[in-house]
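Going down the list, the protein sequences come from chains A and B.
Mapping of the first sequence onto the numbering used here: position 294 corresponds to residue 294, and the numbering continues sequentially without gaps.
Mapping of the second sequence onto the numbering used here: position 227 corresponds to residue 227, and the numbering continues sequentially without gaps.
None of these hints come from the bench; they were simulated from the model.
Treat the hints with caution; some may be incorrect.
EDC-like, lysine to aspartate or glutamate: derived pairs with alpha carbons at most 20 Å apart [what the hints assert, rightly or not]:
{"#": "1", "chain 1": "A", "residue 1": "K28", "chain 2": "B", "residue 2": "E280"}
{"#": "2", "chain 1": "A", "residue 1": "K69", "chain 2": "B", "residue 2": "D189"}
{"#": "3", "chain 1": "A", "residue 1": "K28", "chain 2": "B", "residue 2": "D180"}
{"#": "4", "chain 1": "A", "residue 1": "K121", "chain 2": "B", "residue 2": "D189"}
{"#": "5", "chain 1": "B", "residue 1": "K119", "chain 2": "B", "residue 2": "D180"}
{"#": "6", "chain 1": "A", "residue 1": "K28", "chain 2": "B", "residue 2": "D55"}
Computed beta-carbon distance windows for the label pairs [claimed, not checked]:
{"#": "7", "chain 1": "B", "residue 1": "A247", "chain 2": "A", "residue 2": "G301", "range": "30 to 38 Å"}
{"#": "8", "chain 1": "A", "residue 1": "T157", "chain 2": "B", "residue 2": "D49", "range": "45 to 53 Å"}
{"#": "9", "chain 1": "B", "residue 1": "G154", "chain 2": "A", "residue 2": "Y29", "range": "29 to 37 Å"}
{"#": "10", "chain 1": "A", "residue 1": "D205", "chain 2": "B", "residue 2": "G127", "range": "49 to 57 Å"}
{"#": "11", "chain 1": "B", "residue 1": "A210", "chain 2": "A", "residue 2": "Y29", "range": "25 to 33 Å"}
{"#": "12", "chain 1": "B", "residue 1": "T29", "chain 2": "A", "residue 2": "F73", "range": "51 to 59 Å"}
{"#": "13", "chain 1": "A", "residue 1": "F73", "chain 2": "B", "residue 2": "N235", "range": "20 to 28 Å"}
{"#": "14", "chain 1": "B", "residue 1": "T29", "chain 2": "A", "residue 2": "D171", "range": "30 to 38 Å"}
{"#": "15", "chain 1": "A", "residue 1": "K69", "chain 2": "B", "residue 2": "S192", "range": "48 to 56 Å"}
{"#": "16", "chain 1": "A", "residue 1": "F78", "chain 2": "B", "residue 2": "A247", "range": "27 to 35 Å"}
{"#": "17", "chain 1": "B", "residue 1": "G120", "chain 2": "A", "residue 2": "V101", "range": "29 to 37 Å"}
{"#": "18", "chain 1": "B", "residue 1": "P207", "chain 2": "A", "residue 2": "R310", "range": "25 to 33 Å"}
{"#": "19", "chain 1": "A", "residue 1": "L47", "chain 2": "B", "residue 2": "F115", "range": "19 to 27 Å"}
For each residue, glycine too, the CB sits at the ideal point set by N, CA and C.
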Amino acid sequence: MTTSTLVVKDLTLRGFRFRENLGRWDVKYSPYLFISPFFILFGLVGLFPLLYTGWVSLHAWDLLGGQGKWTGFDNFAFVLQQRQFWIALRNTLSIFLLSAVPQLIAATAIAAALDSNLRNKTFWRMSVLLPFVVMPVAVTLIFGSMFGERYGLVNRTLGDIGLGPIRWHTDPLSSHIAIATMVNFRWTGYNALILLAGMQAISRDLYEAATIDGAGWVSRFFRVTLPQLRPTIIFVIITATIGGLQIFDEPRLYDQNGLGGEDQQWMTMTIYLYKLGWPQLNFGRAAAVAWLLFLVIVAIGLINLAITRRIATNEGRTA
Amino acid sequence: MSVLSAFNRRRAEARIAQRPGALVYGFLTFILVASVFPFYWSFLIGSGDAGTLSDTSMSWIPGANFFANARSVIDNESVNFWRALGNSIVVSAVVSASVVFFATLAGFAFAKGRFTGQKGLLVFVIGTMCVPTQLSVVPLFIAMSAFGWTGTLGAVILPGLVTAFGVFWMTQYIAQALPDELVEAGRIDGASMFRTFWHIALPAARPAAAMLGLFTFIMSWTNFFWPFIVLNQTNPTLPVALATLQANYFVDYSIVLAGVLLATVPLLILFIFAGRQLVEGIMRGAVKG
């Protein structure tokens, strides 16, 4: 064997080893590279703003002057002392309950209907999802024209059957019902499809066993479907909570001024945040509201969890 | 299994498989009418004139003014309709293409890679879905002003380039749809991780990617809060332009609702062609979620 072939052999060997190492690095480190865009973007537009919101909330801060002096929890104290803040909290929770509860019940009923052995399944499923493609801004303008106090379709129809005009843009509760209707229009069908998917994942053997035991469709629904559906229901409730408590589009376009009504009848937390931040240019206070809103969402989330867990243990006991 | 129980079982099966009665169809028809009615109402008012909404003897047959009203929307200079339409198309297309690419890439890594901290990082991704967007609006706006990006499409596109939902969704799909053997075969053939992704994972993930793209497109098209804050009237997206239209014509709902229809028609067309996939996508995502 000559030296040259040895050298060549050595080189190719080294080449192999290099490629092998490269391959190993590739397998080991490429995944980090592949997931990095999410983490970089989240750092930029999620995590950094989150911490920065905390920082801003502890300062006097306006759009033109930028960072002012350190004010500690003054912004929080100020916001918490405002009547407007508590009204906003009340409105947000009221609209949330008025949309979440009826929506969940209606969505479950629709899902149960869609779960039966229908002809033209796809057609019915698509028909309930249709409202989802309408942007909330458009939904609000459409329903806003129906909920007029004097000429609205709703009041006229109520008048025809002898019920008296409801002041949709004056009474807090009425305005909340109107806004909740808009939310429900867009999201009920969407949630019905999610619940339907949960229903279809339930083993048909359970239904068969229940039927053999003589259960009609009502008791099948309450004894088999609902308990089996709990994880899906929890999922729907959590997403509805996070989205619902941040509501902005509908109350913003419910009248021309967009600040939640003359007496803040439908001013939500996010409208209040917007009002402090943009027309008033007080970012410190707006940031404080943002953090308080986050705390409210966490609190409601925990309450939901406690309730669902309680239901779970109760049913465990009866079973 | 005894004859009797087999008989019972078959009878139970038959009872469950029964076609539903008129009650179920009636209920679903009612829901269908409720879904469609607002569209019809918009067209009814949008094809009338300024007085239609307040006319107590209003007819349920559409008027003849839809195109004239649409013209008023388009010609309204402060609404900037064509610009808004173009911007909405650009933003939604760029955002959904980017989300699909980066989410599939990350989903492939989470589903088929083996690396330290994999599980923890995935849990972190899912956790970020619970952080409300409103929380970051103030500092994001301060940052965009500092960079001089307010009023530009970049300010709307950047925060949406990849989403936690997308990453989670693609991870779930690739984990069950792409066999490990296929990934290994690619590696034995000497393909790099990226080539394996490009030639094996991406084609295999196509159905889920299409659904994610569709979903992201709709979410982006209908998004209002952040574009409303960071953009202005001269360079709006469609929802922002509709808000301007409302402030302009607070009396004339015939023009406002004609504008609403113009802004909704593109997604309506998309829904007619891809609604079936959208239904499937939402249902499939739900089971895994």
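For this session: Sort out which numbered hints this structure fails and list those numbers smallest first.
Result: Structure breaks hints 1, 2, 4, 6, 8, 10, 13 and 18.
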